[in-house]
Amino acid sequence: MPIIVDRDKCTGCETCVSVCPFDAIKIKDDGKAFINEYCQMCMACLSACPEGAIIEIKEEGAPVSYQTSDYKGVWVFAEQREGSIAAVSLELLGAGRKLADELKAELSAVLFGASEKDANELIKWGADKVYHSDSPVFEKFNDEPYSRLLVTLIKEHKPAIVLAGATPIGRSFIPRVAASLRTGLTADCTSLGIDTDTGNLLQVRPAFGGNIMATILCPNHRPQIATVRPRVMKKSEYRSEKKGEIIPVKGENLICRTKVTDTVKETFESRVNLQEADIIIAGGRGLGDAKGFNLLFELAEILEGSVAASRAAVDEGWIRYSHQVGQTGKTVCPKIYIACGISGAVQHLVGMQSSDIIIAINKNPEAPIFNVATYGIVGDLFEVVPLLIKKLKEIKS
Amino acid sequence: MNIVVCIKQVPDSAEVRINPETNTLIRDGVPTIINPYDMHAIEAGLQIKEMTKGRVTVITMGPPQAELALREAMSMGADDAVLLSDRAFAGADTWATAFTISRAIAKIGADIIICGKQAIDGDTAQVGPEMAEFLDIPHIAYIRKIEDVKPDSIKVQRMMDEGYDIVESSLPVLLTVVKELNQPRLPSLKGKMAAKKAEIKKFTAKELEIDEKDTGLKGSPTQVKNIFAPEARSERKILAGNIEEQINQLAEELKQLKCL
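Protein chains in written order, with my numbering: chain F, 13 to 409; chain W, 81 to 340.
Hints were generated in silico from the structure; no laboratory data involved.
Owing to the predicted nature of the structure, the values given are computational and were not obtained by experimental measurement.
It is possible that some hints are incorrect.
Calculated cross-link-like contacts (lysine-lysine; reagent style DSSO-like; alpha-carbon spacing at most 27 Å) [claimed, not checked]:
| id | chain 1 | residue 1 | chain 2 | residue 2 |
| --- | --- | --- | --- | --- |
| 1 | F | Lys255 | F | Lys167 |
| 2 | W | Lys335 | F | Lys405 |
| 3 | F | Lys303 | F | Lys152 |
| 4 | W | Lys230 | F | Lys44 |
| 5 | F | Lys271 | W | Lys338 |
| 6 | W | Lys305 | F | Lys84 |
| 7 | W | Lys187 | F | Lys44 |
| 8 | F | Lys38 | W | Lys230 |
| 9 | F | Lys44 | F | Lys271 |
| 10 | W | Lys235 | F | Lys38 |
| 11 | F | Lys152 | W | Lys230 |
| 12 | F | Lys246 | W | Lys277 |
| 13 | F | Lys84 | W | Lys298 |
| 14 | F | Lys403 | W | Lys335 |
| 15 | F | Lys402 | W | Lys338 |
| 16 | F | Lys403 | W | Lys338 |
| 17 | F | Lys129 | F | Lys246 |
| 18 | F | Lys254 | F | Lys303 |
| 19 | W | Lys230 | F | Lys271 |
| 20 | W | Lys293 | F | Lys170 |
Construct all of the structure, not just a fragment, from the sequences and the given hints.
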């Protein structure tokens, strides 16, 4: 128990469909057998399948039919968006390189979409090998083809560790990969290491909105998979002379039941990618109205930063939800976070307290934001921010 | 249209702290709430129900007291409620949780499954997509708008880093939703009365025909090695003088930090 269909082996021959006494097996659109809820575990299909594709997950322990030591090497899933490699992928190569060196193992990157030139760049950023598919199916992000091909590659090459960015893409499709491989997945890690006794991956992540940290292990299953928060890991040095191997991978006949019909970039928000921003200027209720944000956008332009907001400002309708930082918004960790007119409710603090430097500007000296601030200025933001803008402009010119 | 909404009862995380002496969570006296994102999932389910004359089932896995969360969802308008409760489920990580709930959903049947994007206690955002894999159906994560629901397909806006995608999917499908999607309704008095008396279906591991090795702690590939309090913030720097002087010092610091 339970009974599952090995999708790689199933040929869609329908033998199982005809032997099932409960009408519990259907051939789905993708041509693979699917056992539905009518299954009574009679096991008739197990012996009938000519491919041995229907298997019972054994009761003895976790259904692990392998030695964890058979799994070697570190993989990084290199994310591309519209053909360009996401910054987090290079950070992962930096982190992956360290882990691989510690394990005396190879570092490989997996790239779906983008060009061979991009694949070559990944080598210079630290990868020894790159598994690259240039299939047009990966041009837009759809979860199913991404997860299916990654599962196939992992089954074939057996890496010990797989890292992906904790981005909307990584956090959406990597869970499917872990579910399919019956292995563990740790979300949004902020630190990674190797347990020197066992060689297991130590995965550190915040939980309860950053109020606690947890170290997670995946000791008996492989690969150990983690998504890693952007902007936490350091890139390796770029070595233009570094050589490596690019292994072309086919991306054909992958099931895909979703379709991206349009991609819309939000114009005013071209710099709203808060999770990858170095500098964030955030506003709260103290801004008074939507126009207040214009001041922050002006400051953001000088500092080349992004504009964020507290829940209060978003709830007031002054700015879009995509700018919201906090428990029910985004979690960010820029180098510098400038909080203007934000009191610092816990639900906001948990989204930004891991920023390197926090600058708080608030009228109320008792505001909790000052408890987490590196620099604090007690004053009216409408006085402070224009002065700051003026001063920064002076320095710049 | 059968709509299943997955919800989780969570401690109000604003109030959770760690005991620095024992390194354990202090949960005593922390109120429980329906995971805030799941409120938006419930609202989305109810709106689709109204559009399609469907039926909404809320489902949760948890201890017997998680029944309260289900009744709250019913008071908002959900028709049926399912509680997955069994000692064998305890300690489940995302793999084991997704496996368990997906078994129950397979049993009750669903055209559209809706989850909040993540729960505020674990923050993993993994159970939804993992369930889709177990159910062998497509999923779309981070939905901020449902544009159209047809008997066999759906069209939504998916939030991405730099904007959004318009994505279509065949049904059945699993969706995870963000807060921007809607404003959850308040329970009606009539709904509250009905929810009090409503029957809640309960499933144990045995009834779901799930082996103990595939659920709960035993079925979980990941283990928590230890938990600890985050490091306290490092240095504080004091800015002196009047506001203008303070700003000058700050601007100099920003210059030193190569922000300009």
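For each hint, the structure was consulted:
The suggested pairing of F/Lys255 with F/Lys167 holds, with an alpha-carbon distance near 26 Å, which does not exceed 27 Å. Distance hint between W/Lys335 and F/Lys405 is fulfilled; the C-alpha atoms sit about 11 Å from each other, no more than 27 Å. Restraint check for F/Lys303 and F/Lys152: the C-alpha separation of about 36 Å exceeds 27 Å, so the hint is violated. At roughly 25 Å between alpha-carbon atoms, W/Lys230 and F/Lys44 fall within 27 Å of each other, so this suggested pair holds.
Proximity of F/Lys271 to W/Lys338 is assessed by CA-CA distance (about 43 Å); at most 27 Å being required, the pair is judged violated. Restraint check for W/Lys305 and F/Lys84: the C-alpha separation of about 22 Å stays at or below 27 Å, so the hint holds. Restraint check: the Cα-Cα separation between W/Lys187 and F/Lys44 comes to about 20 Å, which is no more than 27 Å; the hinted pair holds. Our distance criterion of 27 Å between C-alpha atoms is met by F/Lys38 and W/Lys230, whose separation comes to about 23 Å.
Proposed proximity of F/Lys44 and F/Lys271 is supported: the alpha carbons are some 20 Å apart, at most 27 Å. For the proposed pair W/Lys235 and F/Lys38, the alpha carbon gap of about 26 Å is at most 27 Å, so the pair holds. Between F/Lys152 and W/Lys230, the direct Cα distance comes to roughly 23 Å. Compliance with the 27 Å bound is thereby established for this hinted pair. Restraint check for F/Lys246 and W/Lys277: not satisfied, since their Cα atoms lie roughly 56 Å apart, outside the 27 Å limit.
Simply put, F/Lys84 and W/Lys298 have alpha-carbon atoms about 25 Å apart, close enough for the 27 Å limit, and the pair holds. With a C-alpha separation of about 11 Å, the suggested pair F/Lys403 and W/Lys335 falls inside the 27 Å cut-off, and the hint holds. Of the supplied pair hints, the one linking F/Lys402 and W/Lys338 holds, its CA atoms being roughly 17 Å apart against a limit of 27 Å. The hinted pair formed by F/Lys403 and W/Lys338 meets the criterion: a straight-line CA distance of about 15 Å does not exceed 27 Å.
Taken as a hint, the F/Lys129 and F/Lys246 pair is honoured in the structure, with Cα atoms around 23 Å apart against an allowance of 27 Å. Taken as a hint, the F/Lys254 and F/Lys303 pair is broken in the structure, with Cα atoms around 51 Å apart against an allowance of 27 Å. As the CA atoms of W/Lys230 and F/Lys271 are separated by approximately 15 Å, the hinted pair is consistent with the 27 Å bound. Only pairs whose Cα atoms come within 27 Å are accepted, and W/Lys293 paired with F/Lys170 is accepted, the gap being roughly 24 Å.
Hint violations for this structure: numbers 3, 5, 12 and 18, all remaining hints satisfied.
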